[in-house]
Structures are given as C-alpha cells and as structure tokens.
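Undergrad: Numbered per the working numbering, the first sequence finishes at 597, counting up by one with no gaps.
Don't take every hint at face value.
Cross-link-like lysine-lysine pairs, in silico, DSSO-like; alpha carbons within 30 Å at most [stated by the list, open to error]:
#  : residue 1 : residue 2
1  : K580      : K426
2  : K528      : K91
3  : K288      : K276
4  : K208      : K240
5  : K95       : K13
6  : K372      : K320
7  : K183      : K303
8  : K512      : K95
9  : K303      : K208
10 : K150      : K95
11 : K580      : K548
12 : K150      : K221
13 : K268      : K320
14 : K150      : K491
15 : K240      : K303
16 : K35       : K13
17 : K528      : K491
18 : K150      : K453
19 : K8        : K91
20 : K453      : K350
21 : K240      : K178
It should be emphasised that the hints constitute simulated quantities derived from the structure, not laboratory data.
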Amino acid sequence: MLIEQTLKENIVKAVSELYSVEIQLETVLIQATRKDVEGDLTVVVFPFLRYSRKSPEQTAVDLGHFLEKNVEDISSYTVVRGFLNLIIAQKYWVKQLLEANAAAQYGCVAGSEESPLIMIEYSSPNTNKPLHLGHIRNNLLGYSLAEIMKANGNRVVKTNIVNDRGIHICKSMYAWQKWGEGKTPESTGIKGDHLVGEFYVLFDQHYKEEIRDLMNGGLAKEEAEQQAPSIVAARELLLKWEARDPETIALWSRMNQWVYEGFNVTYKELGVNFDKIYYESETYLAGKEEVMRGLEAGIFYQKEDGSVWADLAGEGLDQKILLRNDGTSVYMTQDIGTAKLRFNDFAIDKMIYVVGNEQNYHFQVLSILLDKLGFEWGRGLHHFSYGMVELPNGKMKSREGTVVDADDLIAEMVEVARRTSVELGKLEGYSEKEAGETYKIIAMGALKYFILKVDPRKNMLFNPEESIDFNGNTGSFIQYTYARIRSVLRKAEERGISAVLTADQPLMLTEKEQGLVKSVTLFPATVKEAGEAYSPAFIANYVYGLVKEYNQFYHDHSILAETDETVRSFRLILSETVSKIIKTGMSLLGIDVPERM
RNA sequence: GCCUCGGUAGCUCAGUUGGAUAGAGCAACAGCCUUCUAAGCUGUGGGUCAUGGGUUCGAAUCCCGUCCGGGGUACCA
Numbered sequence: 001m002l003i004e005q006t007l008k009e010n011i012v013k014a015v016s017e018l019y020s021v022e023i024q025l026e027t028v029l030i031q032a033t034r035k036d037v038e039g040d041l042t043v044v045v046f047p048f049l050r051y052s053r054k055s056p057e058q059t060a061v062d063l064g065h066f067l068e069k070n071v072e073d074i075s076s077y078t079v080v081r082g083f084l085n086l087i088i089a090q091k092y093w094v095k096q097l098l099e100a101n102a103a104a105q106y107g108c109v110a111g112s113e114e115s116p117l118i119m120i121e122y123s124s125p126n127t128n129k130p131l132h133l134g135h136i137r138n139n140l141l142g143y144s145l146a147e148i149m150k151a152n153g154n155r156v157v158k159t160n161i162v163n164d165r166g167i168h169i170c171k172s173m174y175a176w177q178k179w180g181e182g183k184t185p186e187s188t189g190i191k192g193d194h195l196v197g198e199f200y201v202l203f204d205q206h207y208k209e210e211i212r213d214l215m216n217g218g219l220a221k222e223e224a225e226q227q228a229p230s231i232v233a234a235r236e237l238l239l240k241w242e243a244r245d246p247e248t249i250a251l252w253s254r255m256n257q258w259v260y261e262g263f264n265v266t267y268k269e270l271g272v273n274f275d276k277i278y279y280e281s282e283t284y285l286a287g288k289e290e291v292m293r294g295l296e297a298g299i300f301y302q303k304e305d306g307s308v309w310a311d312l313a314g315e316g317l318d319q320k321i322l323l324r325n326d327g328t329s330v331y332m333t334q335d336i337g338t339a340k341l342r343f344n345d346f347a348i349d350k351m352i353y354v355v356g357n358e359q360n361y362h363f364q365v366l367s368i369l370l371d372k373l374g375f376e377w378g379r380g381l382h383h384f385s386y387g388m389v390e391l392p393n394g395k396m397k398s399r400e401g402t403v404v405d406a407d408d409l410i411a412e413m414v415e416v417a418r419r420t421s422v423e424l425g426k427l428e429g430y431s432e433k434e435a436g437e438t439y440k441i442i443a444m445g446a447l448k449y450f451i452l453k454v455d456p457r458k459n460m461l462f463n464p465e466e467s468i469d470f471n472g473n474t475g476s477f478i479q480y481t482y483a484r485i486r487s488v489l490r491k492a493e494e495r496g497i498s499a500v501l502t503a504d505q506p507l508m509l510t511e512k513e514q515g516l517v518k519s520v521t522l523f524p525a526t527v528k529e530a531g532e533a534y535s536p537a538f539i540a541n542y543v544y545g546l547v548k549e550y551n552q553f554y555h556d557h558s559i560l561a562e563t564d565e566t567v568r569s570f571r572l573i574l575s576e577t578v579s580k581i582i583k584t585g586m587s588l589l590g591i592d593v594p595e596r597m
C-alpha cells in the first residue's frame with residue numbers, strides 16, 4: 001500500500017486526537033518535497049491552523065511528532081516555514097521498487113467483462129483527399145486515449161466514421177470522369193488517396209477558372225459560383241448517387257476503394273487501428289428517420305419551405321437546421337443516425353468523440369438533440385476537443401495547398417532518422433532490415449511524441465524544418481535512454497551478474513537514487529490521472545521527467561562496475577524498472593521503443 | 001455583436017486538486033567520451049506568468065474587468 005494513504009488516515013486521526021476535530025480524508029494534502037529541502041513527502045499544515053489555533057510551526061511539530069510515533073515507515077521529520085517534511089525510511093523505498101519491478105503491468109489496471117465499455121471515435125476522414133498533419137494529431141490522440149482508457153481497466157471500442165458521401169466526393173468523381181483518362185492507382189503507381197486528391201484539386205482549379213470567366217461575362221460572384229458547369233455537374237452526380245444510379249454508385253465505390261487502400265497504408269504507418277468502422281453512406285438514412293420521428297413528435301418544427309429545424313433557444317442556443325428543404329440531410333443529421341446505430345450495436349457506457357475544437361458547438365448541439373429525442377445517453381456524450389496544428393506561415397488550408405501531407409511527412413522523418421543514425425555511427429552490426437525497422441521506430445517516435453507532448457486543447461505550432469528533432473525533450477531521447485538501459489541489462493547478463501535484493505537488506509541510497517524511486521512510485525497515479533483528464537500529454541511529460549532524472553543518475557553512478565553486490569543489485573533493478581515504465585508509458589502513447597539505437 | 005478556448009524565457013512547450021525561491025528543450029557561450037551507448041551530462045546568461053483589480057495564511061493556477069489571438073455563430077462537412 002502506498003504510504004500517502006496511510007499518512008492521510010493518520011493525519012485525520014492526529015487532528016482528531018490533538019485538536020478534537022473530525023476532518024475529511026480528502027482535505028489532507030500531501031505532496032513530494034521540494035528537491036532543495038530535506039525530506040521525502042510534505043504535509044501542508046495551513047488548513048489545520050483553524051483547528052489547532054497554534055502557529056504553523058507548532059502545528060507542524062504536533063503532527064510530525066504524532067506521525068513519527070504512529071507510522072512505521074516515517075523515520076523523522078523537519079519543519080521548514082510551516083511545511084512539515086517527512087523523512088521516510090529507505091526500506092520503504094526499496095520495498096516500493098521491488099513491488100514495481102515485480103508487477104506484471106505496473107501502473108495499469110486489468111479490465112474485466114464488467115468493466116465500463118467506452119467507445120472512442122477518432123480519425124473520421126473525408127474520402128476525397130489524403131490525410132494531413134491535422135489528421136495525424138487526431139489519430140495519435142485517439143489511439144493514445146484508447147490505450148490510456150484500457151490501462152485504467154476499461155473496455156474500449158475504437159471506431160471510425162468515414163465521410164464517404166457528399167458533394168466533396170462527387171467533385172473528385174466528376175474531375176476523374178472529365179479529365180481522368182482512365183487513370184488508376186495501378187496504372188500510375190500513385191497511392192489511391194493521393195490520386196483521388198489530385199482530382200479534387202483539379203476540380204477546384206477548373207471551378208475557379210469557370211467562376212472567373214463567368215464573372216468576366218458579367219455575372220455576380222454568387223451567381224457564378226452557383227452556375228459554373230463543374231459544380232452543376234458535381235451536384236448532378238450527387239443527385240444520381242442519392243437516386244442509386246448504378247453507374248454513379250459503381251464509380252463512387254471504385255474511387256472510395258482506392259482511397260481506403262491508401263488510408264490503410266497511412267494508418268499502418270501511424271500504428272493506429274479500429275475495431276469498428278462506420279460509413280456515413282450507411283448511417284445518414286437512420287439520422288433522417290430520427291429527425292422525421294422528432295418532427296412528428298413535435299420536438300422539431302418545419303418551415304414553410306419544407307426544411308426541418310430544432311429550436312434550441314431554451315438551451316441558450318440558436319435555431320439549427322436538420323433537413324434541407326429538398327429533404328437532404330446535413331452533417332448534424334448524419335451524426336444523429338451514427339450515434340443511434342452505435343448505441344444499438346454496443347452496450348456503450350461512455351462515448352468519446354475525438355474531433356477538433358472547431359466543432360465544439362456542433363457537439364454541444366448534438367448532445368442536446370439526442371437528449372430531446374429521448375436517448376438517455378445523449379447528455380453523456382463527451383467531445384474530446386483538440387486544437388489545430390499551425391504552420392509557421394499560418395494555418396493549414398487544403399485548398400490553398402498549405403498542408404503538410406501525412407505520407408510525405410512520415411517518409412521525411414524516416415529519412416532524417418536514417419541519416420542521423422548513420423552519422424552517429426549507430427546500429428553497426430544490424431542487418432539492413434533490422435536497421436530499417438529501427439529508423440522507422442525512431443522516426444515515428446519523434447513525430448508522435450512531438451505531437452502528443454502538447455496539451456491537446458491548445459493549438460500547436462509545427463515547423464517542418466525545426467520540429468524534426470532528435471535531441472532534448474523528444475521521443476528519441478526517451479527511446480535512447482531505453483536502448484541504453486537494455487544494453488546495460490544485456491551486459492549484466494553476459495557477465496553473469498544477477499540482481500539479488502530484498503527489502504530488508506540495509507542500503508544507503510544516494511539522493512538521486514531515492515529521487516528516482518520516488519518518481520517510479522508516481523507512475524500509477526500518473527496513468528490514472530491521465531485517464532480521468534484524457535490527456536496523453538500528462539503521460540508524455542511524466543515519462544520525459546523520469547528519463548531525464550534517470551540520465552542524471554546514470555552519469556553519476558556506475559551500475560555494473562559497482563563492487564558492493566547489494567548496491568549493484570539495487571541499481572540494476574532500478575534501471576530495469578525504469579525501462580519497464582518507459583516501455584509501458586510509451587506504449588500508452590502508441591510509441592515503440594527499440595532495443596538498440 | 002454573441003458564445004467559446006487560449007496568452008508562461010528570443011523560439012517550442014511543461015507546471016498535479018491553489019502551496020515553499022516558476023521548470024525543461026531549442027538557440028548562444030564554456031566544460032565533459034580509454035569505463036555501462038556523448039541522440040547524453042555539467043555550468044552561465046535569459047521571466048512584470050498579457051494586463052488591472054478581487055478572493056486568502058498563500059494565486060501562473062480560482063472570480064470579475066480590459067487588451068491581444070484562435071475557433072464557432074441557422075441549410076459546408
């Protein structure tokens with residue numbers, strides 16, 4: 001059992017005995033002692049002054065005396081400026097370390113059949129263009145979130161809603177029909193999603209030209225935008241699609257298939273996957289049905305032109321359109337249908353949507369609408385909202401071509417990792433295949449960590465020139481530390497050194513060793529906290545802190561050369577435990593760690 | 001206009017439920033490879049935590065105002 005809990009209980013007892021007041025366990029605050037002050041854990045005594053009616057110093061002494069007497073692992077205490085600093089017996093830290101090292105999945109809670117079922121939606125691409133940097137952030141956050149939720153003992157279903165229908169797809173389809181010359185991924189050697197994306201761009205180019213020509217011919221901008229032949233043709237395709245025109249459907253399936261094959265390659269590179277994929281083309285009708293049901297039930301209302309609306313004035317919001325006057329559905333309609341199908345398919349306890357913060361309003365409304373429609377889970381939807389990725393020259397705009405393509409970025413990261421590794425003379429003796437795999441692990445580690453270490457809620461800046469970094473607070477630094485520990489452990493094995501240690505063995509720990517063990521014991525709380533706050537960044541920054549601390553320890557202490565067997569055993573176990581935590585922590589971020597680098 | 005989220009070192013970012021003297025990395029400068037991997041370690045310089053008030057033993061953190069920026073705001077997804 002962790003000592004914090006014992007301490008809290010004893011402080012409650014102490015306050016009761018000394019000052020005759022019963023306080024709540026939660027009001028007791030215990031934190032790690034500052035590095036420059038003697039002690040391990042610090043009790044903040046200020047909240048108790050009103051009960052003790054004494055000075056902070058005197059109150060701290062009262063409590064310190066009580067704890068020293070009543071808690072076995074407390075060896076002594078100091079009082080500095082009203083803070084009670086407890087010094088904990090070294091034996092306790094050794095015991096904690098041995099427990100951590102022996103645990104099968106230290107810091108993680110095993111789930112069961114009865115564990116809450118959490119569905120996490122992430123990725124959710126449109127099928128008219130390849131994935132870009134913004135999608136990468138989404139995918140990494142979603143995957144990591146799922147891993148963290150699992151580590152906290154939940155059952156998790158990862159899901160993806162593919163926006164496979166709509167005017168955007170028809171634009172690519174029309175461009176391909178008109179200018180495609182029968183090109184396919186096979187005939188051109190171009191990845192399917194990129195090929196379709198090229199036609200989307202092509203469409204936009206022609207569309208813009210047409211608008212310009214029409215405006216030169218005297219039309220107003222709005223009229224030109226409506227009358228341009230390309231957009232008229234794309235709309236026709238959409239109508240044909242809705243009417244299930246066989247030829248249109250065939251082209252639609254064919255081009256979407258190209259995109260899926262392309263996406264799957266990128267997903268594999270990113271290391272993300274899904275348990276269940278929904279397609280908008282299969283859910284939007286269910287949404288329409290729900291809206292019509294709501295209309296009949298009087299929850300929604302219809303305007304003269306036939307469009308269907310929700311009045312959310314009572315919620316402090318506006319009017320929201322749900323069906324256009326031609327009966328076609330909008331974004332919201334589809335999400336209603338998708339949500340309904342999901343809750344039919346799975347016994348979901350909690351639904352989490354990983355979607356950018358530009359859609360905060362959308363999810364606020366979705367939650368209310370589902371609630372109005374009588375779904376008791378409507379209010380419980382959780383929108384995991386994250387900020388945008390910005391480039392040095394501003395936002396990414398796909399139409400303006402200022403996007404960082406996911407595949408290009410990954411390829412570039414791998415290349416830089418390879419070059420750096422070769423320059424540093426690492427991986428000698430590795431086969432080309434082994435080395436290639438390691439470059440990939442390093443490259444993806446750098447990319448993933450760079451994105452996940454940032455607080456999801458905030459917008460983040462990505463500078464392609466500077467961000468591809470392998471030094472400092474990076475995934476590579478963490479991987480490097482892991483590889484080095486593994487190397488030490490291999491050497492120990494080669495030399496026939498094994499670690500033998502029990503908690504009772506007398507041991508004088510150095511300040512760095514003790515600090516490191518303390519950080520190790522924080523890991524389970526970190527995972528739990530991250531699970532509640534849904535924050536991979538919390539895990540990332542913890543792991544970095546631990547690794548930094550380990551590196552300092554590593555440079556100050558020899559591990560293998562130590563002559564004292566007890567000390568050497570302790571350091572070996574400490575190193576091994578740290579490496580296990582690195583591996584677990586990084587896996588919660590979806591990052592692999594290499595045995596060598 | 002209204003709603004919402006941000007503003008911490010030159011740059012990119014941390015900062016647990018309010019706790020002690022605000023922390024890393026990058027960039028700059030100076031050191032450290034014959035030992036277990038130098039993708040590392042050590043040191044120096046760098047801060048009005050946007051700003052003004054409030055709450056209290058104590059505020060980067062909570063509340064209010066102001067300034068700046070992102071996003072949203074009735075038929076794009």
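Undergrad: Holds or violated: K240 and K178, Cα atoms, limit 30 Å.
TA: holds, 17 Å
Undergrad: Regarding the pair K453 and K350, is the alpha-carbon distance no greater than 30 Å?
TA: Cα-Cα ~25 Å, so holds.
Undergrad: Going straight from one Cα to the other, do K528 and K491 come out at no more than 30 Å?
TA: violated, 35 Å
Undergrad: Does K13 lie within 30 Å of K95 when you go C-alpha to C-alpha?
TA: holds, 25 Å
Undergrad: Can you confirm whether the C-alpha distance between K150 and K95 stays at or below 30 Å?
TA: Holds, at about 27 Å.
Undergrad: Against the 30 Å threshold, does the CA-CA distance of K240 and K303 hold or violate the hint?
TA: Holds. K240 to K303 sits at ~26 Å (cutoff 30 Å).
Undergrad: Given the proposed pairing of K580 with K548, does the C-alpha separation stay at or below 30 Å?
TA: Given that 30 Å is the threshold and the Cα spacing comes to 15 Å, the pair holds.
Undergrad: Are K150 and K453 close enough, with their CA atoms no more than 30 Å apart?
TA: Answer holds: K150 to K453 is near 20 Å, not above 30 Å.
Undergrad: Regarding the pair K150 and K491, is the alpha-carbon distance no greater than 30 Å?
TA: Cα-Cα ~34 Å, so violated.
Undergrad: Taking 30 Å as the top limit, are the C-alpha atoms of K208 and K240 close enough?
TA: holds, 24 Å
Undergrad: For K268 and K320, compute the direct alpha-carbon distance and say whether it is at most 30 Å.
TA: Violated - the C-alpha atoms of K320 and K268 are around 38 Å apart, more than 30 Å.
Undergrad: Need the status of pair K183, K303: alpha-carbon distance at most 30 Å?
TA: violated, 46 Å
When the structure is compared with the earlier hints, violations turn up for hints 7, 9, 12, 13, 14 and 17 and for no others.
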